[in-house]
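Engineer: Chain A is fixed; fit chain B onto it per the hints.
Same order as they appear, the protein sequences are chains A and B.
Here this note's numbering is used: position 66 in the first sequence is 341, and no number is missing along the way.
Here this note's numbering is used: position 82 in the second sequence is 415, and no number is missing along the way.
Treat the hints loosely; a few may be bogus.
Stretch by stretch, here's where chain B covers chain A in the computed footprint (C-beta under 8 Å, at least three residues) [claimed, not checked]:
id: 1; stretch: 283-292
id: 2; stretch: 629-642
id: 3; stretch: 647-654
id: 4; stretch: 722-736
Quick caveat, the hints were computed from the structure, so don't treat them as lab data.
Using N, Cα and C, we set each Cβ at its ideal position, and we do this for glycine too.
The chain contents come next:
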Amino acid sequence: MMYVDNQTARLRREVMIRVARAFLDGELAATIDHIPLAMRPRASASSRCCIFRDRAVIRARCLAALGLPAEADDELSSLADYAGLAMARAKPEGPLLSVFDVACSGCVPSRHQVTNACQGCVARPCTLNCPRDAITIRDGRAQIDPEACVNCGKCVAVCPFHAIVRLPVPCEEACPVGAIAKDDTGKAVIDFERCISCGRCLRACPFGAVMETSQLLDLLRALCAREPAVALIAPSIAGQFPGTMGQMVAALLRLGFTQVIEVAEGAEEVARLEAREWGERMAQGESFMTTSCCPAYLAAARKHVPELLPHLSSTPSPMRLAAARIRGERPDVTTVFIGPCIAKRQEAMHDANTDLVVTYEELGAVFVAAEIDVEEQPERALADVAISQGRGFPMAGGVAAAVAHYVPADESLRAISIDGLSKKALRQLKAFACGKCPGNLVEVMACEGGCVAGAGVIARPERVARAVRKLAEEGRSG
Amino acid sequence: MSVILVEICCGTTCHVMGGGDLEELASHLPAAVAGKVEIAGCRCLGQCRDGAFGRAPFVRIAGQIHDQMDLARAVELTVAAVQAAGRGNDVR
Chain A
276 MMYVDNQTAR LRREVMIRVA RAFLDGELAA TIDHIPLAMR PRASASSRCC
326 IFRDRAVIRA RCLAALGLPA EADDELSSLA DYAGLAMARA KPEGPLLSVF
376 DVACSGCVPS RHQVTNACQG CVARPCTLNC PRDAITIRDG RAQIDPEACV
426 NCGKCVAVCP FHAIVRLPVP CEEACPVGAI AKDDTGKAVI DFERCISCGR
476 CLRACPFGAV METSQLLDLL RALCAREPAV ALIAPSIAGQ FPGTMGQMVA
526 ALLRLGFTQV IEVAEGAEEV ARLEAREWGE RMAQGESFMT TSCCPAYLAA
576 ARKHVPELLP HLSSTPSPMR LAAARIRGER PDVTTVFIGP CIAKRQEAMH
626 DANTDLVVTY EELGAVFVAA EIDVEEQPER ALADVAISQG RGFPMAGGVA
676 AAVAHYVPAD ESLRAISIDG LSKKALRQLK AFACGKCPGN LVEVMACEGG
726 CVAGAGVIAR PERVARAVRK LAEEGRSG
Chain B
334 MSVILVEICC GTTCHVMGGG DLEELASHLP AAVAGKVEIA GCRCLGQCRD
384 GAFGRAPFVR IAGQIHDQMD LARAVELTVA AVQAAGRGND VR
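Bound-form chain A, shown alone (with noise of 0.2 Å):
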């Protein structure tokens, strides 16, 4: 996997400031055309073949922004056309992600491959080692004959000059469901039946081929259309930028938000009302529970598992109940969750209570654009201070933590993670459903470490891991 900052997620997030910077300017008509040219003029250096080719996958990246899919683009109305049309959709749409063919390279199918590293050995360990006897030597160098090559990685591990490579295409290999495959054209398609929204091929790629469906535009006309907005902040939001929390609320209140909630508030009741359910379903004799807050993961059980179903806890995610207790008390407000999933937006175009699902990545652009420094701001407490175990909800294992704290001490809970989806993992939860799990308790977070490696992050897992724990540490207690 990639660092979290790399040169596509820096093109993504400048073009994402340019869009907002315009859309605060009132200026998003006149000047979306220009983004493109601005970001790559002429005669400067580009990062594909030639500039034009970055301009091409700029303009998509700002249908993106806009919240448009990039293949929708008939490459005759202009930026602006498409601005017009994105300013007056009443909600977001989706798809949420998709791939731009000019982008994606066509990465050669995954394989593997002698390099010239090869020294044509005496030993030839590769050749002796190959069940399929796929490798022969040729011109005094090992050559893989891909028709019987079965990519068991063992001439990989007995070369002693690693001159044997495996070459991947990033996206099918982070994509823990089959959903996004190569076609015909070589160029990489993704197949809704089986995608889950998990959101790891956006990160995967090391062309920036895949593109988000955005919710930026339609935080901006919230905000700005001087109505009651109330963000709903994921604890993950400890650590993602500089200054204290205090400050991130200063700094949202600032970019118009008239309310600031922890969703760690729904995530505590979450805790509580997962333990009743798991003392209700293990009374009824059953073997075992799986929490259910990870949308990404309920897509997998729903398309891919479904002898998990009857397992699945019954309780709402921590973002349903955080935004229907807000709707309960002030019906007009607009809900915004934001957070470091791009699942949940899926899961929002299902909730009547939650209007918008911004991302860490979406929001430090509108600060970026707005001149908001979090770190320059005053300090702002919150109204209600959530606690401990609603905090700790973005780690692995830390949900099951949560729900285990409220189970009574003589219950045997025993409380096993999924630490993030894969094929694997997959396969795991299937054996689980057939009988064969080990524990009472199942947490299955998608992305591995939890939601602090969610795909809308800005900052790394491990930093924002140490900063979710203090701010777990200074939660009331429950």
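Structural biologist: Just chain B now, kept in the frame of chain A:
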């Protein structure tokens, strides 16, 4: 012996554009250099104004501002600054 000051801009622009990773700089410096460097966060260096946010993140190493920084380049520039300072002091 003089200590080289490395200032990492903690402004939101630098952070959003990838500056967060630069906080790990200390753990990436070679041991021989680490003792001769002081790393500090600093307030916005003001370089990102006027639409120059594409050049973020910025760092200031021994008084000189560098743009489009990443961890590998920050290590390289810091090592170079320490070596340059060392040569200046080593007049025998």
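Engineer: Which hint numbers does the structure go against, in order from smallest to largest?
Structural biologist: No hint contradicted; all consistent.
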